[in-house]
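A.B. asks: Quick mapping for you: the protein sequence lines, in order, are chains A and B. Position 213 of the first sequence, counting from 1, maps to 213 under the numbering used here, and the rest follow consecutively. Position 212 of the second sequence, counting from 1, maps to 1212 under the numbering used here, and the rest follow consecutively.
Hints were generated in silico from the structure; no laboratory data involved. Everything numeric in this text was worked out from a predicted model, so none of it was measured. Positions of the beta carbon are idealized from the N, C-alpha and C atoms, including for glycine. A few of these clues could be false.
[As the list claims (entries may be wrong)] The calculated DSS-like cross-link candidates involving lysine-lysine, where the alpha carbons are at most 27 Å apart (straight line), are:
| # | chain 1 | residue 1 | chain 2 | residue 2 |
| --- | --- | --- | --- | --- |
| 1 | A | Lys99 | B | Lys1218 |
| 2 | A | Lys114 | B | Lys1218 |
| 3 | A | Lys16 | B | Lys1115 |
| 4 | A | Lys99 | B | Lys1115 |
| 5 | A | Lys16 | B | Lys1056 |
| 6 | B | Lys1115 | A | Lys120 |
| 7 | A | Lys137 | B | Lys1218 |
| 8 | B | Lys1220 | A | Lys137 |
| 9 | B | Lys1218 | A | Lys116 |
[Claimed, not checked] Simulated restraints, written as ranges between beta carbons of each label pair:
| # | chain 1 | residue 1 | chain 2 | residue 2 | range |
| --- | --- | --- | --- | --- | --- |
| 10 | B | Tyr1183 | A | Thr138 | 55 to 61 Å |
| 11 | B | Asn1214 | A | Thr187 | 35 to 41 Å |
| 12 | A | Gln244 | B | Arg1219 | 38 to 44 Å |
| 13 | B | Ile1061 | A | Gly145 | 52 to 58 Å |
| 14 | A | Ser42 | B | Asn1214 | 33 to 39 Å |
| 15 | A | Val58 | B | Asn1214 | 40 to 46 Å |
| 16 | A | Met41 | B | Arg1215 | 43 to 49 Å |
| 17 | B | Ala1052 | A | Asp17 | 38 to 44 Å |
| 18 | A | Phe74 | B | Ile1078 | 52 to 58 Å |
| 19 | A | Ser180 | B | Ile1212 | 34 to 40 Å |
| 20 | B | Leu1216 | A | Lys16 | 35 to 41 Å |
[Claimed, not checked] Which chain A residues face chain B? A few, computed with CB under 7 Å, are given here:
| # | residue |
| --- | --- |
| 21 | Ser42 |
| 22 | Arg80 |
| 23 | Met88 |
| 24 | Asn94 |
| 25 | Met97 |
| 26 | Ile111 |
| 27 | Ser115 |
| 28 | Ala141 |
| 29 | Ser144 |
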Amino acid sequence: MPEIVIENVSKTFETKDGQVQALKNVSLEIESGDIYGIIGMSGAGKSTLVRCINYLEVPTEGRVLINDKALGDFSEKELREQRQEIGMIFQNFNLLMQKNVLENVCFPLYIQRKSKAEAKERAMELLEIVGLEGRSKTYPAQLSGGQKQRVAIARALASKPKILLCDEATSALDPQTTSSILELLKTINEKFHITIVIITHQMSVVKEICSHVAILKEGEVVETGTIDEIFENPQTEEAKRLLQGIGGE
Amino acid sequence: MVWTNEVTAMIIEGLWATLYMTLVSTLAGYVFGLPLGVILAITDSNGLRPNAVVYKVLDVISNILRSIPFLILLILLIPFTTLLVGKSYGSTATIIPLVIAAIPFIGRMVESSIKEVDPGVIEAAKSMGATTFQIIWRVLLVEARTSLITGSTITTGTILGYSAMAGCIGGGGLGDIAIRYGYYRYQVQIMIVTVVLLVVLVQLFQTLGMFIANRLDKRK
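Using the sequences plus the hints, can you model the full thing?
C.D. replies: The following block contains the structure:
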C-alpha cells in the first residue's frame, strides 16, 4: 500500500475572469521512503498539487489518501493532527521574522502544547542535525538563504513527521547552496526514513536526489516513472523539453 | 496678567488630567479595539476565517463611528456618559467618548497591521496544524508587533488631540485650560504654555513609541 495516494484529483479555482482548472484528474502513488519529484513549468499546477497532500488546498474532485485514510473524511481537528505528521518547507522559507532560530524550531512543538523545556531540547537536537547548533539565538534576517532553509527544515522535522513536502525549496538558492540543501534532504530521508515530495521546475534537482518523478503539464500528469526511466527514455515532449533545460540551470 | 503659583498648579493638574485621559482611553480602547481589528482582519474575504456577514457588520459600524466628528460624538454620548459616570464633564467622564471614538480607529489600525503579515508564514503555521487561535496568538500578533506598536503611537497622539477637543464642553485637562483661559479670556500666555505642553507630549509619545517599535523589530 503506497503511503500517499492521489486519486483522480481535480482542482478548479473561481476567479474574476471565470474558472481556472489548476489540476485535471491527477493520480499519483508515492511509496513510503521515496523521494518523489513533481516537476513542471511554472503554472503547471505543482504548488496546488503539493498543497492537496496536506489539504491546504481541498480538491474539487477526487481523493487524497495518507496511509489508506482519505483526508476528505477527516474532521478539522483530525486534519490538524494529520498535518503534524506532514512537514512542509517553502521557497521563501516562511520563518517567523520576529523570533529567533530556536523559537522558530520550537514553534510546531508549542502548537502541540509541548512544554518549553521539552521543545527547546528537541529543537537543539534538530539544529545540530541541520548544522546550525551555534546559531540558536540568531534572528532569520541575519541568516543566508541556505541557513534559513536549514532552519525551516529543522522546524518541519520538529514534530517527527513521516512525510516532508518541499515546495520549490531550492528555487531561491544558488546552485552550491541548492546542492547542500539537497544533500541534507537525502540524509534526512535515509536517517529518519521520511518520505519526501519535491516540487520543482529544475530538472537538475530531480536528477540529484529523486527516486521517482512525475511530470506535470497544464494541470495534468503526462508522465511518471523512476528517475532512470525518465532520464534514459523520456516518452513525452514535455519530459524531453524539461531534460534539455538541465544544462542551463 | 500675573503668572501666579495658582496658574502653575492649575497647569500641572491639567497636564496630569490630560495624561490620565489619554492613557486610560488608549488602553481601554485597545481592550476592545484589538479584538475588533483581529476579527476584521480574519473575517475579511482573504482572511483566515472569511465570514462576509461578520465582516460587513463590523465594517459598517466602524465606519459610522469613525465618520462622526469627535465633537458631535462627545455631545451625542452625554446621556450615555452620565449613565456610566454620573456626570458628563470632567476628565473621567471624557474617557467614555474617547474610548468610543478610539475603538473603531484602533480596530482599523490593528486590521491593517495584521493584514501586512506575510501570508507565507500563516500558511506555514497552517501546514503544521495550528488552530486559528494559535495562528492569531503565535503568528499574527507576533509578526505584526512592530506595526502594532507604531499604530498605538499614532493612536495615542490622536486620542491626546481628541482629549484637548473635549475641553470645549468642560472635559478637563490642558485643552480645557487652553479654551477657558486662552479663548474665552484672551490670556494668550496660558494658551501658549498649554499648547506647547500638548506638542511636547505628542513628541514624547511619538519618540518613545518609535524607540520601542525599533527595539523590538528583529527584521534587521
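A.B. asks: Please go over all the hints and tell whether each is borne out by the structure.
C.D. replies: Hints versus structure:
For the proposed pair A/Lys99 and B/Lys1218, the alpha carbon gap of about 7 Å is at most 27 Å, so the pair holds. Annotation: proposed proximity of A/Lys114 to B/Lys1218 holds, straight-line Cα distance about 25 Å (limit 27 Å). For the proposed pair A/Lys16 and B/Lys1115, the alpha carbon gap of about 22 Å is at most 27 Å, so the pair holds. This hinted pair checks out: A/Lys99 and B/Lys1115 have alpha carbons roughly 19 Å apart, not beyond 27 Å.
Our distance criterion of 27 Å between C-alpha atoms is met by A/Lys16 and B/Lys1056, whose separation comes to about 21 Å. A threshold of 27 Å between alpha carbons decides the hint, and for B/Lys1115 with A/Lys120 the separation of about 30 Å lies outside it, so the pair is violated. Restraint check: the Cα-Cα separation between A/Lys137 and B/Lys1218 comes to about 12 Å, which is no more than 27 Å; the hinted pair holds. Taken as a hint, the B/Lys1220 and A/Lys137 pair is honoured in the structure, with Cα atoms around 14 Å apart against an allowance of 27 Å.
Under the criterion of a C-alpha separation no larger than 27 Å, the hint pairing B/Lys1218 with A/Lys116 is consistent with the structure, at around 21 Å. About 57 Å separates the C-beta atoms of B/Tyr1183 and A/Thr138, a value consistent with the hinted range of 55 to 61 Å. In this structure the hint that B/Asn1214 and A/Thr187 lie 35 to 41 Å apart at CB holds, the actual value being about 40 Å. Taken as a hint, the range 38 to 44 Å holds for the pair A/Gln244 and B/Arg1219, whose Cβ atoms sit roughly 40 Å apart.
Distance hint check: the CB atoms of B/Ile1061 and A/Gly145 are about 45 Å apart, inconsistent with the given range 52 to 58 Å. Between A/Ser42 and B/Asn1214 the beta carbon distance is about 38 Å. The supplied range of 33 to 39 Å therefore holds. For the hinted restraint 40 to 46 Å between A/Val58 and B/Asn1214, the CB-CB distance of approximately 41 Å keeps it satisfied. Roughly 46 Å separates the CB atoms of A/Met41 and B/Arg1215, a value that falls within the hinted 43 to 49 Å.
Distance hint check: the CB atoms of B/Ala1052 and A/Asp17 are about 21 Å apart, inconsistent with the given range 38 to 44 Å. In this structure the supplied range 52 to 58 Å holds for A/Phe74 paired with B/Ile1078, their Cβ-Cβ distance being about 55 Å. Taken as a hint, the range 34 to 40 Å holds for the pair A/Ser180 and B/Ile1212, whose Cβ atoms sit roughly 39 Å apart. A hinted range of 35 to 41 Å for the beta carbons of B/Leu1216 and A/Lys16 is consistent with their spacing of about 39 Å.
The beta carbon of A/Ser42 is not positioned within 7 Å of any beta carbon in chain B (closest approach about 17 Å), and the interface hint is therefore violated. With 7 Å as the threshold, the beta carbon of A/Arg80 comes within range of chain B, its nearest partner Cβ sitting at about 4 Å, so the hint holds. The interface hint given for A/Met88 holds, since its Cβ lies 4 Å from the closest Cβ of chain B, which is under the 7 Å cut-off. Checking A/Asn94 against chain B: minimum C-beta separation of about 4 Å stays under 7 Å; hint holds.
A distance limit of 7 Å between C-beta atoms decides the matter here; for A/Met97 the minimum to chain B is near 5 Å, and the interface restraint holds. Here the hint on A/Ile111 is kept, as its CB sits about 5 Å from the closest CB of chain B, short of 7 Å. The interface hint given for A/Ser115 is violated, since its Cβ lies 16 Å from the closest Cβ of chain B, which is over the 7 Å cut-off. For the restraint placing A/Ala141 at the interface with chain B, the shortest Cβ-Cβ distance is roughly 5 Å, inside the 7 Å limit, so the hint holds.
Below 7 Å, beta-carbon pairs count as interface contacts, and A/Ser144 has none with chain B, the closest being about 15 Å; its hint is therefore violated.
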